[in-house]
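Please model the complete structure; the sequences and the hints are all you need to start from.
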Amino acid sequence: MKTIISSSPFLRSDLSTPRIMWEVVITLLPVVGVATWYFGISALLMTLVCVVSSLWADILFMPSQPNRRWWGDGSAIITGILLAMCLPPGFPFWMAFLGGFVAIGMGKAMWGGLGQNVFNPALLGRAFLQAAFPGAITTWSAPGGGLFSLQGNNLALPFLKGEVVDATTGATPLSAMKFTHEVASWQDLLWGNVSGSLGETSGLLLLFLGGYLIWRGLINWRIPIGMILTVAVFSGILFLIDGHQYAPPQFMVLAGGLLLGAVYMATDLVSSPLTTKGIWTYAIGIGILVVMIRVWGGLPEGVMYAILLMNAVTPLLNRAFPTRVYGHAKAGA
Amino acid sequence: MGKDQHTDWDVLIKGLWRENPVFVAVLGMCPTLAVTNTAINSLAMASATFFVLVFSSLFVSLLRKVIAKQVRITTYIVIIATFVSLVDMLLAALVPDIHKELGAFIALIVVNCLILGRQESFAAKNKVGAALMDAIGMGLGFTIALLMIGIVRELLGNGSLFDIPIFGTSFEPWIIMILPPGGFFTLGFLLLLFNAVALRRAKANAITS
Amino acid sequence: MTEQPHLPPAPPVSPELPSEPGPGRLIATLGLAGFFSGLLLVTGFVLTRPIIEENKAEALKAAVYKVLEDCKSFEQLTWDGQNLGSGPTTKENAAPVYIGFGEGHRVLGFAITSEEPGFQDIIKAIYGYDPQLDQIIGMEILESKETPGLGDKIFKDVNFRSNFDALAVQPEIISVKHGQKSNPHEVEAITGATISSKAVTRLLQKGMAEWREPIQRFAQDMEQKGASEPNEQN
Numbered sequence: 349m350k351t352i353i354s355s356s357p358f359l360r361s362d363l364s365t366p367r368i369m370w371e372v373v374i375t376l377l378p379v380v381g382v383a384t385w386y387f388g389i390s391a392l393l394m395t396l397v398c399v400v401s402s403l404w405a406d407i408l409f410m411p412s413q414p415n416r417r418w419w420g421d422g423s424a425i426i427t428g429i430l431l432a433m434c435l436p437p438g439f440p441f442w443m444a445f446l447g448g449f450v451a452i453g454m455g456k457a458m459w460g461g462l463g464q465n466v467f468n469p470a471l472l473g474r475a476f477l478q479a480a481f482p483g484a485i486t487t488w489s490a491p492g493g494g495l496f497s498l499q500g501n502n503l504a505l506p507f508l509k510g511e512v513v514d515a516t517t518g519a520t521p522l523s524a525m526k527f528t529h530e531v532a533s534w535q536d537l538l539w540g541n542v543s544g545s546l547g548e549t550s551g552l553l554l555l556f557l558g559g560y561l562i563w564r565g566l567i568n569w570r571i572p573i574g575m576i577l578t579v580a581v582f583s584g585i586l587f588l589i590d591g592h593q594y595a596p597p598q599f600m601v602l603a604g605g606l607l608l609g610a611v612y613m614a615t616d617l618v619s620s621p622l623t624t625k626g627i628w629t630y631a632i633g634i635g636i637l638v639v640m641i642r643v644w645g646g647l648p649e650g651v652m653y654a655i656l657l658m659n660a661v662t663p664l665l666n667r668a669f670p671t672r673v674y675g676h677a678k679a680g681a
Numbered sequence: 361m362g363k364d365q366h367t368d369w370d371v372l373i374k375g376l377w378r379e380n381p382v383f384v385a386v387l388g389m390c391p392t393l394a395v396t397n398t399a400i401n402s403l404a405m406a407s408a409t410f411f412v413l414v415f416s417s418l419f420v421s422l423l424r425k426v427i428a429k430q431v432r433i434t435t436y437i438v439i440i441a442t443f444v445s446l447v448d449m450l451l452a453a454l455v456p457d458i459h460k461e462l463g464a465f466i467a468l469i470v471v472n473c474l475i476l477g478r479q480e481s482f483a484a485k486n487k488v489g490a491a492l493m494d495a496i497g498m499g500l501g502f503t504i505a506l507l508m509i510g511i512v513r514e515l516l517g518n519g520s521l522f523d524i525p526i527f528g529t530s531f532e533p534w535i536i537m538i539l540p541p542g543g544f545f546t547l548g549f550l551l552l553l554f555n556a557v558a559l560r561r562a563k564a565n566a567i568t569s
Numbered sequence: 343m344t345e346q347p348h349l350p351p352a353p354p355v356s357p358e359l360p361s362e363p364g365p366g367r368l369i370a371t372l373g374l375a376g377f378f379s380g381l382l383l384v385t386g387f388v389l390t391r392p393i394i395e396e397n398k399a400e401a402l403k404a405a406v407y408k409v410l411e412d413c414k415s416f417e418q419l420t421w422d423g424q425n426l427g428s429g430p431t432t433k434e435n436a437a438p439v440y441i442g443f444g445e446g447h448r449v450l451g452f453a454i455t456s457e458e459p460g461f462q463d464i465i466k467a468i469y470g471y472d473p474q475l476d477q478i479i480g481m482e483i484l485e486s487k488e489t490p491g492l493g494d495k496i497f498k499d500v501n502f503r504s505n506f507d508a509l510a511v512q513p514e515i516i517s518v519k520h521g522q523k524s525n526p527h528e529v530e531a532i533t534g535a536t537i538s539s540k541a542v543t544r545l546l547q548k549g550m551a552e553w554r555e556p557i558q559r560f561a562q563d564m565e566q567k568g569a570s571e572p573n574e575q576n
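Chains as they are written, first to last, in the working numbering: chain Y, 349 to 681; chain A, 361 to 569; chain W, 343 to 576.
Calculated from the structure, these hints are not laboratory results.
One or more of the hints may lead you astray.
[Said to hold, decoys possible] Rough simulated footprint, nothing fancy, chain A against chain W, three-plus residues with beta-carbon under 8 Å:
hint	segment
1	394 to 401
2	412 to 419
3	552 to 559
[What the hints assert, rightly or not] When the alpha-carbon atoms are kept at most 35 Å apart in a straight line, the in silico DSBU-like pairs for lysine-lysine are as follows:
hint	chain 1	residue 1	chain 2	residue 2
4	W	K433	W	K548
5	W	K403	W	K466
6	W	K498	Y	K526
7	Y	K509	A	K460
8	Y	K526	W	K567
9	W	K567	A	K460
10	A	K460	W	K414
11	Y	K526	Y	K509
12	Y	K509	W	K498
13	W	K433	W	K523
14	W	K498	A	K460
Since this is a predicted model, take the numbers as computed values, not measurements.
All residues carry an ideal CB built from backbone N, CA and C; glycine is no exception.
Structural data, given as structure tokens:
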């Protein structure tokens, strides 16, 4: 049983945190690679921008950690990569930079550093960007366009809108579903040849990486499995009720950011619950919220808000399903 | 006399900085967060509050010997509510557009704890002159705070200042700044700045003295 | 002279002090405060009321004039549950429908106000309707709290507003994606603000479903009577 992994005292132990962090960073590299394959060098630069700004904020706000190396505990690097992976390819770099700064500043430093934050920092940064620049963050470019070409408004000057580039803009599979009832083929979704955020398009890769992380015991398998199953069952029921109105379950699972969120965001050790019961409730809660927001909400995609909402519920879940004593009175208090 | 004047002046100044109602006492958060999305709205809200505060303090101080202690809060509220209703009608008559923007928040000045707080802790215990100075100081402090928040939010959220475009058409507005979260962000950030400056001053004073 | 007290106020007054004033004193205090307060309020009310009323009328006039081109004067119609009529309106029988006249008291069209929940809050709008053409001939948003930068395009986007310059009411007003308008009864939605656009479309749909019939009847009545001035019907 590897369930001990999910208890927070483990995370606060200084010895093992960086090792886990580096291992996660390494599994994220293929995601960045595939994003670069589909969306060109934009993906690489976006990642770089977000990592630099996250690290900078980390150093700025938490300079006094003892024995700090320049990368801190490595969690800022993960936050930076994850943030970049859930941004649209043509997103202006300066906004991405701001997002990375907010993600660490408001998502982590403000709460008292790693282990204290309630919300997943990367998603908090993205939520900020979504609220601040709703236009830019819903402008998608279709994959393709050569390895060395920049997408959309990447190079817009700070504080300015980009020029209106005549790039091939493409609706994401989810917004195509929501507004015109077109269902993308599941093969495309599996390979990732669709428009969307940088790291969310390739379902196959994310499933593979998720499997690897679970095998290595770095994430709790209950969270991705619980989320995906809930979405599949819930949307499956809706699909059976009315196949014209609602999308098929395989589409709901593969489209959008569900897999990226299930593997990398919801499994954040700090912002997910501690106990098995709590984790199941958390995972199922996210799954239900995702389907509800996608089907009945105003936005086409709901993974970000679903995870953030359940992050907010996590302290309550820890209280409702307290840990058996681990030597730390705090966990059950 | 000279000493008295100095005291009155001090009473006025303390509202601007040392006991600033927003940045130090953190009073009156409802209008501070809700209607500061543009500089004009901030100014209108602050002026309305200023008006109510000054007149309420004036009357409470004048009547401080008449008002029975047991019903003093009720009486203060009656006095404050009177001036709030007056200012509500005045704004509706003179600047209907701004009145529409501020909506219910004008009426909510009644429950702004800044105003009631000043009546209870100052106007009811001091002579008219001092009470007026205190009200003016606090009112100005409130105005400055609201204007600062409003200016930051309008500049970032709309690229303009008092409705005059500053940054040109290619500026990308930070929509979040004119939405409710922007109020919290700006207030938090300004509180941080204010406290940092106050801390530095306190340290400098401690060293020199 | 007195030290000004700081935030923790000087010794709190205990209500159990021996020198407690009688109830008469308390009532007198409150009565006095109430009396003066009332006096001030009534004065303020009397002074500002005409200006406020005028502002409201002015705002309404501006809105009606915007949605009915060349409008010279207008009046509000009444509604008795069955028919629209003209004549003095009261709170009970006033319809949210205004008839607009052009030069020579020629009937230009009708302006209707309706509201509908949008993305954030209720959207309130006024729109012009020409019963002869059976078309919407203009639309103004009166109140909306739609998201700045996205939903607020329903009143800032010139393209979207041009939807309502000549919008057929029959068979039904429907909303289509941006760039796909092919029929006169279709409204092109704003990209990225579909909910707000649809809310406006729904507002028109509902408003027309409710008022199209009565307005048509009222207009025919007027024509039959051959009156170039508003007829008095009961």
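* To do: If any of the earlier hints don't hold here, list their numbers in rising order.
  => As far as the earlier hints go, 2, 3, 8, 9 and 13 are violated by this structure, in ascending order.
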